[in-house]
Structure formats: C-alpha cells, structure tokens
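Enquirer: Below are the chains, spelled out letter by letter.
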Amino acid sequence: MMSTVFDSVDRVDVEAVNSKERRSLYKAREKIFPKRATGYFRTLKWWVMLITLGIYYITPWIRWDRGPDAPDQAVLVDLANRRFYFFFIEIWPQEFYYIAGLLIMAGVGLFLVTSTVGRAWCGYTCPQTVWVDLYLVVERWLEGDRNARIKLDKAPWSFDKVRKYTTKHAIWLLIAIATGGAWIFYFADAPTLLWNFIYFEAPFVAYSTVAILTATTYIFAGFMREQVCTYMCPWPRIQGAMLDEDSLVVTYNDWRGEPRSRHRKKAEAAGEKLGDCVDCNACVAVCPMGIDIRDGQQLECITCALCIDACDGVMEKVGLPQGLISYATLRDYNANVQGIVSPTTWRSFIRPRTVIYTVMWSLVGLGMLFLLFTRDRLDVSVLHDRNPVFVQLSDGSIRNGYTVKILNMRIEHRTFRLKLSGIEGATMTATGFDTAPSDALDIAIGPDKVRAVKVFVKASPSNLTSPSETFIFTVTDVGGDETVSYEAKFESPKKSIGQ
Amino acid sequence: MAEKEIDQISGIETTGHEWDGIKELNNPLPRWWLWTFYATVIWAVGYCIAYPAIPLITSATSGFLGYSSRAEVAKEITEAKAAQAGMLEKISASSLEDIRKDPELLAFAVRGGLSAYKVNCVQCHGSGAAGGGGYPNLNDDDWLWGGSLEDIHTTLKHGIRFQWDEDTRTSEMPAFGRDELLDTAQINDVSDYVLKLANLEHDQAGAERGAQIYQENCAVCHGEKGEGDREQGAPNLNDAIWFYGNTKPEIARQIHTPRHGVMPGWQNRLDEATIKQLTVYVHSLGGGE
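For the protein sequence lines, the chains are A and B, in the order given. Under the working numbering, the residue at position 382 of the first sequence is numbered 382, and the numbers go up by one with no gaps. Under the working numbering, the residue at position 254 of the second sequence is numbered 254, and the numbers go up by one with no gaps.
The shape of chain A in the complex, shown without the other chains (with noise of 0.2 Å):
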C-alpha cells in the first residue's frame, strides 16, 4: 500500500524551493510549479474564486434605473461629472467621507480576519491569488500537472514545447486583456464604452488604463507570482503585528507527525518510534508559494491551506487521522506539544482582540448607514466677494455681493427658496432674476444639479451694529421638507455704522 502512496506524489524535484536549507538572498528565483490539490479548501477556493471574479466582471453591466436625468449602471464611478453612483446610493464629492469610512471598514475588517483566521485575504481573495489560481488552471490544461510541467520546462526547445508555451501566453495575455478592459467599464457607461472601445472611439486613457492593467495582469500573474507577496506586498510584513497566538495559521502539527520516515514498514519492523508523516512531500508539491510547512509558520506561507487538503488525501490513504497540516492556534499547538490535548475549535474566534474589531467595524458600519438615511440632499455655500468687499449706494446704503452655490442633490427638479435673516431691512436682488428687491428668492435647480447665483444684499447702516455683521441664508426646498442654512458677514465700512 505505501508504494502505491508514494507512486501518487511527483518524486521528481520534490524539495521546495523557499524552504529553509535552500532559501538564499543570493539565488536566482526558482520556477514553482504547483501540483493541483483536491479537497475541502481546495473547493472553497474555486467557489472564492467564481464568486469573486463573477463580481469583477459582471458588475459594471449591472442596470439600474434612475430616471432620464441620470445614468443607469448599478455602480459607476463618473469622474467626469463628479459622482459616485452605487444602486441606491449617490455620492457626491463633498460626501467622500463614505469612501473614508469604507476604508476604515475595509482596514478594521482585515485586522479583525486575520487576528482571527489568518492571512485569509492572501490565501482566498486577494486579487494575486486569484488571478494566479486563474493562470495556473490555464497552464495545467496545456501542459499538464505539475511533473509534466517540470519535464516539460527541462526539455529543449521543440516544436510541441513552442506551440504549448505560445497557447499559453496567448490565452494569458488575453485574460489580462479582459481584467484590464472590465476595469474602465466601472468608469463610464459599459455597453457605449465597449462599442467605443473596439471602433477605436474611446479616450486614450481608456486605451492606456487597459495597457497597463494587461501588462500588470500578465507580469504578475504570469511570472512574478509569488514573488509578489514576499517582496513587493507590504502586507505580510504588517502581519507580524496582527496575528497572536489565538490567530488561526496553517500548521503543520510536528507533535505528531515526527520524526517523519518515507520508510515506515523497514523502521517499524526495526522498532523505531515514528510520528506520522510519511514525509511524501506531497504538502510541498502543491504550495503556490514553494515552501515547506514543516519548516513552520514562515513569512510566504499565504495559507491558502491547499497543503492541508493535500496531506488530508494523503492520511487518508495510509489510514491515519487527518489533519497532520491543519489550521491550528499556536495556544493549542502549544498545548499539544506539551502533550495536553487541545483541539483547536471555534473558541477561539472570541475573545476581547476580536470583540473589540467586530465593535468598531459595526459602528463605523452603523454610523455610515445612519448617516447615509439621514443625510441631506440639499447644500448651500456661500462666497462673499472680496473685491469689492461692500459697494455703498447713492442713498447711503450699502450692498455686499455674495456667490450663493445651491446643491441640489436629488434627481428630480427642485425649487428652492433663498431666505436671509438676521439683519433689519436687508433685501437682495441677483443677477438674472428681475424680482423687485426682497428678503426671500425663488431659485429653481434642475436634477443632481448645482447652481451658482451672484446675490446683491442692500442694508441701510442704521441697522447695522458692526462693521463685519452677522447673517443667515437659509434654503428652503419649497414644497418639500429640507432645510440648511448658511452663516454669513455683511461688511460695511465702519464710518457708516448706525447713521
């Protein structure tokens, strides 16, 4: 039965690459050629990996109704008109808090996973494994597993290895292709951007935004592959500080898989005391990241767990427990080394590191949807003109211009009403309106639109107690219920006041 197990994992260069003998500052990088693993991560992944580039792809071609005065993409990014469009959700620039506080969600969320489950953002969803993954079933279709692709790499150049290899690249380049171009139909109308795109009618950095993603895709995905995540991603690097020794980590479980012996019959026969790993190298085989977890929890391991599905096979072959790799606290690991027996369980999910990630993220999260039901659709700003500051009248009196901008964030057309208060007598009157002078303006906005209204305020110095007074422009939505209002200075010169 042993050579039967042993006859299932590539005998062929089975020392990983990164592992700890090997790993030099001096080597050039090693190819990696990773073996295909069947089991339960494994079929997470794939899942992972549907769901996540179904979401990439698909969503920019996602439709939503907004009336004729806006666009209908579910989720557009319309840097041109200045606004964010999310199915329900319209933000304006001076609402960037939002995209603020998704980060911090974002980051809080990925403090609280990885003190809880580990690097489960490198291993599963991170865009490099994804789109590695993505490459990597793209190669084995062409070339075979992992020992074909080993033989295959080592023989001369042939007719059949060219056309493998230009198959390859070919269908690599193109799905690069395809994540570069989804990546530009997030920023405008999709189906009208496509059309453009392949008439060679769409702007140049759309051209230049797919050129550069299709090369980073190709590079990354294609060659660079692990390299990315040990030298070029910070992130592993932040690690160290977010995991602790209740984090789950890929482990290889050396209490009870040493001493390891690939010739288990011949040694127990001889009496020797053995641990269970039968030191196939199968963990080794199918590591994207060419390292060997039996050398421990290191900085390249993306625990993606496709070594625990791996030896998971393997163990039950030789019919022995499973989980020799498994996803394990070091506190239980500890434990078990110290002979006390401690499975590791969902236990260790909670507990204050975690409470106190969860709580912030829900009320980052609850403050955001709060203010997002809350949040006006209205907004005034005011600029008071500086050149002049006031402007004095024939009667005395003096005017102060202002440039009043009215935010109508609603789509729909809306009327507002500009009311000002706060100083005696004070009317006003504005360029493009032929309304006789009076302390209220009607202002008609239409849809998602802003406008900027140059407003003359006359007040008679009598009524006037300070040569910089305070007053109040208020906005009303007539015929709704929203309201702002906006502080203002009504400058005169101080030789004129109270006369």
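Quick caveat, the hints were computed from the structure, so don't treat them as lab data. Beta carbons are placed, not taken as given, at the ideal position from N, Cα and C, and that holds for glycine. Mixed in with the good hints there might be a few duds.
So the derived label-pair ranges between C-beta atoms look like this [to be verified]:
id	chain 1	residue 1	chain 2	residue 2	range
1	A	80	B	86	20 to 30 Å
2	A	472	B	103	23 to 33 Å
3	A	372	B	28	50 to 60 Å
4	B	67	A	195	24 to 34 Å
5	A	452	B	132	20 to 30 Å
6	B	47	A	373	54 to 64 Å
7	B	123	A	472	30 to 40 Å
8	B	61	A	102	50 to 60 Å
9	A	195	B	47	29 to 39 Å
For chain A, the structure is supplied; the task is to place chain B on it using the hints.
Expert: Leaving out everything else, chain B in the frame of chain A:
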C-alpha cells in the same frame, strides 16, 4: 587587481573594496534594469530624430514630426476660438436685453466680459470694478451717463470726452475760480450750499448766501436740488457718492478748477461681440438699471 577574489559565503566575486572588514560583492546589474536602460537609450535616439532636440547656433533641429510647443498653443487657441464661435455669433445677433434674459448667454457674456475687462479696463476701474481716485465705481447705482444696457453700451463704444470719436459724449464744467467767474468767497458759499444739498455738515450762513449763486450758475446742469443730469454727465450732488470727495475743500477745489475724466471709446479696438459682453458684465455688477 591581479586576481579575482571570490567571496566564501556567496561564491560571488568581490570588487576588492573593503570597509572595516566588509567587502562589496560585484553583482551584475539586474537584467531587467539593464534592458530598461538600453531601451531608454534607443528611445532617446528615436526621440531626438522625431522631436526638436539638438540646439544649433540660431535655432534647433525641428525633428521629423515637425512638433513645436508654439504651434501646439496656436492650435489650442484656434480650437478654443472655434468652440466659442457659436456662442459669440449668438451674442452678436442678439439684443443686449435678450442676452441678459437668456441664462446661458448671460453666463457666457459675464465670463467673456470679465476676461475682456481684466485686459482692457482694470487699469483705471480696478480689478473689482470699484474705481477710485477719479475713476468711477462700476458696482454702485450712481451713473454719470446712465446705467441701462444701452447707456453702458454707448459709453463703451464711444468713450467719454474721447477726442478721436465724433460720437463721444462730452461736457465740461466751467472753471469758476480759475477763470474768475466767481470769487473765493462765493466759491466758499456755494460749497456750503452743496454740502447742504447732500445733507452734510455745513455753515448755515454760507449756505444761505450760496443758494442764490448755485441757482444762477450750477442748477442749469446739476439741477435745482442737485439731482444732476445724465444727458450732460453732470453728477448728482445730493446723494452719498462723491467722485472727487465730499469735504468742503474738495468741493471748493472742484468748483475752482474742475477735473474731467476721459474714457477711451472701444469701437475701433474691440469687436462688437466683446463690447456687448463687456456691457452685460458691467451691467451685472449690481448697479445695472
């Protein structure tokens, strides 16, 4: 160096440089770096051929693409002008009142007028159009020659006391003191009367004496109550706005030897569309009638 020294640990040749026992390894440049470097060299050669690059004594090589930054700017200006052409045509064809009533035309004219103003008018009227020192404030509601669109347009086109334009508006206040039409005492008295017209502090007795002099010499242009006359550009004397100051010495000085402002007419220097935009801009400053 006679022979190469190989580092024991890495097996790589050293450069022979040593600092406190630390030796520098002679690693080759990374290949990607080297290739990038060669690529930039090739790019530079191509660039020098395609674009202006090599300075000559009086000029420079022009490059095969014939690119020049000056031509680029000229192209952009042409494009901008072409983009404005439609609106400018509309402005030329519309009456001033129609421009003011159309929000789109109004916005365009105010922006265009502002840009023309910044070039041609700020020298006298100031960047905020607040005037000062004998130059009228264009923001207020006091107009020497009228503040309607038509009046402003006429002033802009033909100027004020602009000798090179036959249709210019002109008027001249007699120099009552210099030409000895009134003596010093009379000028003082009439100054007091003018202060009285404007409700400013004045000498009661002087104003009473000055009333008669005012009606005989000044009312013809400035009006019986000092209300002024726009037909002649005669300033209003009973409001709060004073061109050359509202103290007694300032008023007396103006009566003795009046100063007169001159504004150039712009019809031969600016095109009609620009003058129209300037008119709408000045009218929009708050004092337009």
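Enquirer: Take the C-beta atom of residue 61 (chain B) and the C-beta atom of residue 102 (chain A), compute their distance, and say whether it sits inside 50 to 60 Å.
Expert: holds, 53 Å
Enquirer: Holds or violated: 23 to 33 Å for the Cβ distance of residue 472 (chain A) and residue 103 (chain B)?
Expert: holds, 27 Å
Enquirer: If you check the beta carbons of residue 452 (chain A) and residue 132 (chain B), does the distance land in 20 to 30 Å?
Expert: Given range 20 to 30 Å: holds, Cβ gap about 28 Å.
Enquirer: Regarding residue 67 (chain B) and residue 195 (chain A), is the given constraint of 24 to 34 Å on their beta-carbon distance met?
Expert: holds, 32 Å
Enquirer: Taking the beta carbons of residue 80 (chain A) and residue 86 (chain B), is their distance inside 20 to 30 Å?
Expert: Because 22 Å falls inside the window, the suggested range holds.
Enquirer: Does the hinted range 50 to 60 Å hold for residue 372 (chain A) and residue 28 (chain B) at CB?
Expert: holds, 57 Å
Enquirer: Per the hint of 29 to 39 Å, is the separation of the Cβ atoms of residue 195 (chain A) and residue 47 (chain B) within bounds?
Expert: holds, 35 Å
Enquirer: Could you say whether the range 54 to 64 Å given as a hint is met by the Cβ separation of residue 47 (chain B) and residue 373 (chain A)?
Expert: holds, 56 Å
Enquirer: Falls inside 30 to 40 Å, the C-beta gap from residue 123 (chain B) to residue 472 (chain A)?
Expert: Once the Cβ atoms are compared, 39 Å apart, the range 30 to 40 Å for residue 472 (chain A) and residue 123 (chain B) holds.
In terms of the numbered hints stated before, the structure departs from none.
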